[in-house]
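Undergrad: Given chain A's structure and the hints, the job is docking chain B onto it.
There are 2 protein chains.
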Amino acid sequence: MPGRSEEEVLDAIEARRRRPTRKVLDKQITLSHGAGGKASRDLVEGILLRELRNPLLEPLADSAIVEAGAERLAFTTDSFVVKPIFFPGGDIGELAVNGTVNDLAMSGARPLALSAGLIIEEGLPVKDLERIAASIAAAAEAAGVPVATGDTKVVERGKADGLYVNTSGVGIVEHDLALVPSSIEPGDKVLVSGPIGDHGMAIMIARGELALEVELSSDTAPLNGLVSTLLEATDGVRCLRDPTRGGLATVLAELALSAEVGITIEESELPIRPEVAGACEILGIDPIYVANEGKLIAVVSSDAADAALAALRSHPLGREAAIIAEVSAEPPGLVTLDTTFGGSRVVDMLAGDPLPRIC
Amino acid sequence: MPGRSEEEVLDAIEARRRRPTRKVLDKQITLSHGAGGKASRDLVEGILLRELRNPLLEPLADSAIVEAGAERLAFTTDSFVVKPIFFPGGDIGELAVNGTVNDLAMSGARPLALSAGLIIEEGLPVKDLERIAASIAAAAEAAGVPVATGDTKVVERGKADGLYVNTSGVGIVEHDLALVPSSIEPGDKVLVSGPIGDHGMAIMIARGELALEVELSSDTAPLNGLVSTLLEATDGVRCLRDPTRGGLATVLAELALSAEVGITIEESELPIRPEVAGACEILGIDPIYVANEGKLIAVVSSDAADAALAALRSHPLGREAAIIAEVSAEPPGLVTLDTTFGGSRVVDMLAGDPLPRIC
Chain A
0 MPGRSEEEVL
10 DAIEARRRRP
20 TRKVLDKQIT
30 LSHGAGGKAS
40 RDLVEGILLR
50 ELRNPLLEPL
60 ADSAIVEAGA
70 ERLAFTTDSF
80 VVKPIFFPGG
90 DIGELAVNGT
100 VNDLAMSGAR
110 PLALSAGLII
120 EEGLPVKDLE
130 RIAASIAAAA
140 EAAGVPVATG
150 DTKVVERGKA
160 DGLYVNTSGV
170 GIVEHDLALV
180 PSSIEPGDKV
190 LVSGPIGDHG
200 MAIMIARGEL
210 ALEVELSSDT
220 APLNGLVSTL
230 LEATDGVRCL
240 RDPTRGGLAT
250 VLAELALSAE
260 VGITIEESEL
270 PIRPEVAGAC
280 EILGIDPIYV
290 ANEGKLIAVV
300 SSDAADAALA
310 ALRSHPLGRE
320 AAIIAEVSAE
330 PPGLVTLDTT
340 FGGSRVVDML
350 AGDPLPRIC
Chain B
0 MPGRSEEEVL
10 DAIEARRRRP
20 TRKVLDKQIT
30 LSHGAGGKAS
40 RDLVEGILLR
50 ELRNPLLEPL
60 ADSAIVEAGA
70 ERLAFTTDSF
80 VVKPIFFPGG
90 DIGELAVNGT
100 VNDLAMSGAR
110 PLALSAGLII
120 EEGLPVKDLE
130 RIAASIAAAA
140 EAAGVPVATG
150 DTKVVERGKA
160 DGLYVNTSGV
170 GIVEHDLALV
180 PSSIEPGDKV
190 LVSGPIGDHG
200 MAIMIARGEL
210 ALEVELSSDT
220 APLNGLVSTL
230 LEATDGVRCL
240 RDPTRGGLAT
250 VLAELALSAE
260 VGITIEESEL
270 PIRPEVAGAC
280 EILGIDPIYV
290 ANEGKLIAVV
300 SSDAADAALA
310 ALRSHPLGRE
320 AAIIAEVSAE
330 PPGLVTLDTT
340 FGGSRVVDML
350 AGDPLPRIC
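Chains as they are written, first to last, in numbering that gives the first Met the number 0: chain A, 0 to 358; chain B, 0 to 358.
One chain only, chain A, in its complex shape (with noise of 0.2 Å):
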């Protein structure tokens, strides 16, 4: 597939760069706007940033930078309404730890404290209840994070899905790197630390919507001791993010909008187990695309890119590691993926939405 001509890259990263003034213009939210791909980018830039708008805010990174005193705290929040609730390798419990767990890790931070806000449908067994609240559980002491605080509230039949759950969690920032897209430099080297697209379609094919006979799991997992194993390999670490809503496509593309450098993407080193790979072709999903829940993407310099590597191999979070992708200064904002077969096309943002409620 060729790529697009440089006319239309142009265009494309002038209507990225008008971007974060585009105001909303849909009049209703949509599903898109939940995805994690352009439209929740409008959503959050087009309505929320716009009237919250402060430093700390600013960045949208996974975790903001909260100064407390002579500390630096690492805060973040998440709401999870993964459907089903139970689903193979977790459920929406164990998703909630994780996935707030890591999005303090990605800001290099050490967990401190997590709280869960449940919002309970009339109606729930109590023990499906008493089985997530295991699970929270047992997803917090492997991460070796405590629940510290928590909010029950209950909504008439009907009106949620079983449960929805709101982790937010606190970590202390023990280090000096700045892990921001603006950090980022060309030349500098894009790590993913495993198989891409697991937990996606893990939820696709647990929905039993698909005529699919696959065996696959969901990858959720805490990321924050991989993270620490990175961490102190190398000092080379430019920014840290986990591929959820959106994918790997997303993420990248938003980095290389965020740090104003191109990216290419070499499709034959990206990570992808076969089972996943068939489900998407079946589908018509790009695995790219589709939400991982326990797989970082680490920007490193060139020359600290083999020393990131061997520490993410060496962490069993991170045996398939692989270096996918390399940054470059042109052209600005644009990711491109050269493909197996020695073609390149441009990777835009996840538009509309193929998988919804997917974490």
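Any given hint could turn out to be false.
Any copy will do: because identical chains look the same in the list, a pair fits if it lies in one copy or spans two.
[What the hints assert, rightly or not] Below, simulated DSS-like cross-link-like pairs (lysine-lysine); rule was C-alpha separation at most 25 Å, straight line: (1) K158 with K37; (2) K26 with K37; (3) K37 with K82; (4) K82 with K126.
Hint data in this document are derived by calculation from the structure and do not stem from the laboratory.
Given the structure is predicted, the values throughout are model-derived calculations rather than measurements.
TA: Here is chain B on its own, set in the frame of chain A:
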């Protein structure tokens, strides 16, 4: 109305003492589990605390106290499912900001940052979301606390009720007071910062299900300034609580139980607006069980009571503060109310849910 017999009182105390190990016997979650009263406590203690038990969570206070390097943090979370999302005196956004600011303030912390997690129903008018985002921004500005991090999710039409909002908050504790129930001692006085029941009754009337023509507004307000004023005026403050779900009665019942003291409310001292009292009478609801969103209860040492009252009254949000109750050694765990007519009755926690989805 005469009080219960001594035997009944002792039975009630014994029943409460047994509760922390009680299991949830219901097979399904009911609206009562979300009302903030007895069933909520059973849910939290019987399922969540049982699984998640750890020293940070165990006090079940409005905020957890978390050590972060050299600093002591307060950390809290609250989900808001109020119905309708716009009501006289505020909306779900303002309520969420103030609710979390207040939970931090009740632990004597200075709020540093808030998070906002929105679960939006597909089809919500964009202009409603814009209005609520503006309201969150204005409330955060009024409280002097930035919204540092956020998250949005969208669920299908019919799977939420317009909008649910979770706010979490981080604050810093800059004093050495132990503002916990165990600091409460016999002889202490209980103050309330103003008229009770406004929020709950305003919501009830806003639903339009009642044939009442009363102009009532929610009292939603950020109490961090009021708490600062109080703590600067006296070091005799034992414990602070904001009487939200379950109202004044449930908060005092919980304090009596936790501190193992008796609390006697003087009904004639309770500040209640005539409109609220009237609406409550017509509906057969006791205003001491009705939610407040801009009031605090302060337990203070006897000799600090006058200074505390003066401090509260010096602040715009505490003009109508009053001393409403006294703490005694006996009977431990029990709240009684001396009625205006010279009788006395036992005040228990809220049972059932006369006012669902109030916050």
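Undergrad: Each hint: holds or not?
TA: Okay, the hints, checked on the actual structure:
no. : hint          : verdict
1   : K158 with K37 : between (27 Å within a copy, 23 Å between copies)
2   : K26 with K37  : within (17 Å within a copy, 42 Å between copies)
3   : K37 with K82  : within (22 Å within a copy, 30 Å between copies)
4   : K82 with K126 : within (18 Å within a copy, 28 Å between copies)
Checked against the numbered hints given earlier, the structure satisfies every one of them.
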